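Chain order of the listed sequences is A and B. Quick note on my numbering: the first sequence kicks off at 1 and runs consecutively. Quick note on my numbering: the second sequence kicks off at 1 and runs consecutively.
If you're looking for bench data, these hints aren't it; they were derived computationally from the structure. Computed from a predicted model, the values in this text were never measured in an experiment. C-beta: ideal position from N, C-alpha, C; glycine also. Please note that the accuracy of each hint is not assured.
If you want the footprint, here are the derived chain A segments under chain B, 3+ residues with CB under 8 Å [what the hints assert, rightly or not]: (1) 4-11; (2) 54-63.
In silico BS3-like links for lysine-lysine, alpha-carbon gap of 27 Å or less [what the hints assert, rightly or not]: (3) B/K321 x B/K333; (4) B/K330 x B/K239; (5) B/K220 x A/K31; (6) B/K239 x A/K52; (7) A/K131 x B/K330; (8) B/K38 x B/K84; (9) B/K246 x A/K96; (10) B/K246 x A/K109; (11) B/K333 x B/K246; (12) B/K69 x B/K31; (13) A/K31 x B/K203; (14) A/K93 x B/K285.
Here is what each chain is made of, one letter per residue.
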Amino acid sequence: MTKVLVLLIALIIYTNYENYIKQDTAKLHRKILNLETNIAREIDIAKQHHTKESLLLDYSKLTFDGKKYSYSQAMGEMQNQLASSAKDLCDVKQMKWAQVPSRDVWYDKLRMNVSLSCSPNNLIKLTNSLKNKPTIYNVENFRVTQDTRKSLLNITIQLVAFRRHK
Amino acid sequence: MYRVLSKYNLITVLPFIDTFFHSAQLQKKVKLSKELLKINYLKYSPFINPNIMTVTSDEQLMLWFYSKKIETPIVIPESYLLFKELSKSKQDAIYIIHDTIIKILVIKESRLISAFTLNSIDENSILLSMDEYHISKRVDIQIQEYQTLQQSSLQKLTFSDLYHFNQLNFDRNTLLPKFIEHASYPITALIVFAILVSYTQEKMLTSEIENLKASYDIEKTKNQEIKIFIKEHNKEVKKWQNFVQKELTYVGPITLLTSLYDIFDEDKKAHLVDVSINGNKMLVKLATDENPVVFLNKLNSIKYISSVIIQNTFKPRDSMKIISYDIEIKMLKDV
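Use the sequences and the hints to build the structure in full.
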């Protein structure tokens, strides 16, 4: 009788241990694996020797600063930059501002329709001059025809720059 | 094996004289329960309320009756051991063993047909037996040879022999209490051991997790500041990637124009009249007297262009043909 009782108590203890006390070892192994992966990632980050300067690059000059320039001021600055780039290269016939853009993203698109007359080489010099400026300039609509009388190119472009809100 | 079994008093070889042998024919090889054996074959026993040992081979049932109460779990009749050794010679004969008493075995077609004892040599009984079992050969075995045979057969005991002659009686009603009686403490010990092993393993894993957590916290603290910058950097990169994807989708007009001039400059047979670009569409008007397909192939070779079609060809008076090409520009990411 004592032996039956001992066996019974042992079985009850074992069942309770399995059901309520024993932890899920598979879960523990997963936890270990996750921690090891995380540690390896942290060590990897430390090894890369990042610095604040290498990470936080200054992109502010790529667009016109919304705090410094209002829409019209930015368009004026854009017009000045274009005029200075085109000086001695192309004959700027017309510059026309497009409509005020809606504020839907973190930047405004500043559009300017420009008519130029210049030689092919000077056209490339002009675009290179615009490319070399810190501000991003993009050309969306473009048309070039040959002026047969002056052997020059008549160019119509929509020049686009960007002004960030914040 | 016999030595070990006998050392622990697990086996008894029942002398020839203490057993009564009977051979029966079976229609097919079946396993008979003790009750069935008693019902069918008890009538052949010279003992009252005997114990029965059986061996079934092919369609023969060999029965040994004995009256002694034997405690060992395995009981083997001596006549069976002798039969096993003698049957190896594969000859039908009546074997007469000259011991203190005369032991007689009749083996026919490798089967034990009869086994009995005589107090002294009785030629008439032997002749009668030979006649009864249609045996013509008689083999006399002297005591020394008999002892060798006995030793040899004991050494060659097989597990099958032990199985046939085991006397263990498993009573269902007593089996469980007996099992609990014997296995209670070992099972309890095993359970305690299993719990201890499992608990120790768990403790080791938990401790490893704690150590790893501490290491992770240290590493994390080291990188805390730089991770903020990485996060900001990634945010900024993502923002500019989206910007480039949305605003700088196609190859720039000047790049395209340069590629066009490169083609037509080397080939003085044509010159550009009009080029207009809007989004991913480009219209090129070309003045030439050449076959339009020649320039179609040249335009197709420009890496920024995905497709070219000839929109129309027009021939003004006193001038070269004007060919209009409708061109689709590749996206920047596809170049």
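Results of checking the hints against the structure:
1. 4-11: holds (count 5)
2. 54-63: Contact hint for the segment 54-63 of chain A vs chain B: holds, 4 residues under 8 Å.
3. B/K321 x B/K333: Distance of about 36 Å is beyond 27 Å: violated.
4. B/K330 x B/K239: Holds. B/K330 to B/K239 sits at ~23 Å (cutoff 27 Å).
5. B/K220 x A/K31: Holds, at about 17 Å.
6. B/K239 x A/K52: The given pair, whose Cα atoms are some 19 Å apart, holds under the 27 Å limit.
7. A/K131 x B/K330: holds (21 Å)
8. B/K38 x B/K84: The hint holds at about 25 Å.
9. B/K246 x A/K96: The hint holds at about 24 Å.
10. B/K246 x A/K109: With Cα atoms ~12 Å apart, B/K246 and A/K109 stay inside 27 Å; holds.
11. B/K333 x B/K246: holds (11 Å)
12. B/K69 x B/K31: holds (24 Å)
13. A/K31 x B/K203: holds (14 Å)
14. A/K93 x B/K285: Holds: A/K93 and B/K285 sit about 23 Å apart, inside 27 Å.
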